[in-house]
Amino acid sequence: MHKYSMLLISKNYLMELVKMLKAEYKAEGGKLIKVQMTKRGNKIDSIKITGDFFMHPEDLIDELEKALLGCLLNEDVIVETIERFIKDRGAVLLGAAPEDFAKCIIKAGGGDG
Amino acid sequence: MVERWRLLDTGLNDAFYNMALDEAIAVARSRNIVPNTIRFFRWEPSAVSIGYFQSMEEEVDVEACRRLGIDYVRRRTGGGAVYHDRDGELTYSIVVSEDHPLVSRDFQKTYENLCSGLVRGLRLLGVPAEFKPINDIVVEGRKISGNAQTRGMGVVHQHGTILRDVNPTIMFTVLKVPSEKIRDKMIKSAEERVTSIKRYLGREVSFEELKRALIRGFEESFGIELVPGKIDAFEEELALSLKKEKYSTREWNFKR
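Sequences listed follow chains A and B, in order.
Residue numbers are given in the numbering used here: position 50 of the first sequence equals residue 50, and the series is strictly consecutive.
Residue numbers are given in the numbering used here: position 157 of the second sequence equals residue 1157, and the series is strictly consecutive.
Simulated from the structure, these hints should not be mistaken for lab results.
Treat the hints with caution; some may be incorrect.
[To be verified] Capping the alpha-carbon separation at 27 Å, the derived lysine-lysine pairs in DSS-like fashion look like this:
no. : chain 1 : residue 1 : chain 2 : residue 2
1   : A       : LYS19     : B       : LYS1255
2   : A       : LYS34     : B       : LYS1188
3   : A       : LYS34     : B       : LYS1211
4   : A       : LYS87     : A       : LYS19
[Said to hold, decoys possible] Examples of chain A residues lying across from chain B (beta carbon under 7 Å, computed):
no. : residue
5   : GLU58
6   : GLU65
7   : GLY95
[To be verified] Residues of chain A clear of chain B, computed beta-carbon distances all greater than 10 Å:
no. : residue
8   : LEU21
9   : TYR25
10  : LYS26
11  : LYS39
12  : ARG40
13  : LYS66
14  : LEU69
C-beta: ideal position from N, C-alpha, C; glycine also.
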C-alpha cells in the first residue's frame, strides 16, 4: 500500500514537472506578453517569456528568465525579482512593466495566494 | 553649416540581407567608419519579420510562407510581427550616434523625435500623420507606420515601415491567428485599424514620390541635409557575413 501511494505521488510529481503551462496577458502599455513555463511545487522550474514588448539590452531576456528560476509563484515576489534584476543590470522595459510579467506568470502557473 | 547625414537607398533585397545590413551600418557607425545614416529599403521576396522576443512558431505560419515563397526573419529589435509586402511597403532605418541631440535617454522620447521626420514627410504628401506612443504613426487613429528601436555600442538604430498599400488578407495568411474561425474577423478588424497612403489619399503614390517626401521630412524635422551615399566596403562585408552566420540561420530565427 505504502509502495503504491509513493508511486502515485511520484507520477503526479513528474506529470506536473513536464506539464507546459501557458498564458497570454495584454500589458497596460499595450504590448502582449506570453509565458510558457513548468513548475515544481509552487516554484518556477522553467520559463520562456515571449511577446511584442521592448527590453533593452535585448539579450538580457535569457538572464531574466534564469533569474526567475526557483522563484515562488507569488505576484509580489515575482515583481520584486524582476525589479531587482532590472535595477542591477540597468535594463529598460518599454510597453510592459514588471507587474505585467508577474500577472502573466501567475496566470500561467497559478499563484500561492 | 547644416549637419550632413548619409542617405542610402538599397532597393530590393531579401530579408536576411536587409536585417544584416541594418546591423552592419550600426556597427560601422559605432566605429566611426560612417556618418549618421538614413536608409530606405524594400523586400524581395516579401517577408515576415518578428520582434526579438517573439517566437517564430507562435507568430508565423512557416508552412504558408514556404508555400508562398515568403521569407521569415527575426529582427534585432523588439516589437511585433510584421508582413513586409514587396510592392506595398517602404522600410527605412535610422542609425544615429547616441550623443546626437535627437537621442534622449528616454526611449519613448527618442521614438517621438526620430518619428517626427516620417510624420513631417507624410504630412507633405497630404496625409495628416501623428505619432502615437509607444512606437506607431497613425492617420485618423489608423496605423500607417510601425517602428522599432534598439541601442548599443553608443548608437541608436531605429527601423520601421510606411504603408503605401495594405493587404490584410496576405498578412493574416502568413501571421498565425488564434483560430481559423476568427481569421476573417481579424482581417476585418485589421482593415479598420490599419490604413495606407493609397487608402487615405485615394490615389497611388509611387515609391519615388514617397521617398522624396520623407527625405524632405527628415531634413526639415532633423535640421539636416541628406547626402546620397554608398554602402562602405566594411558594411558590405559585415552584412554578408551577418546574413550567413546570423540572420539566415535557424538558430537565430527560431531561438525563442
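Out of the numbered hints, which ones does the structure contradict? The structure conflicts with hints 3, 4 and 6, although it agrees with all the remaining ones.
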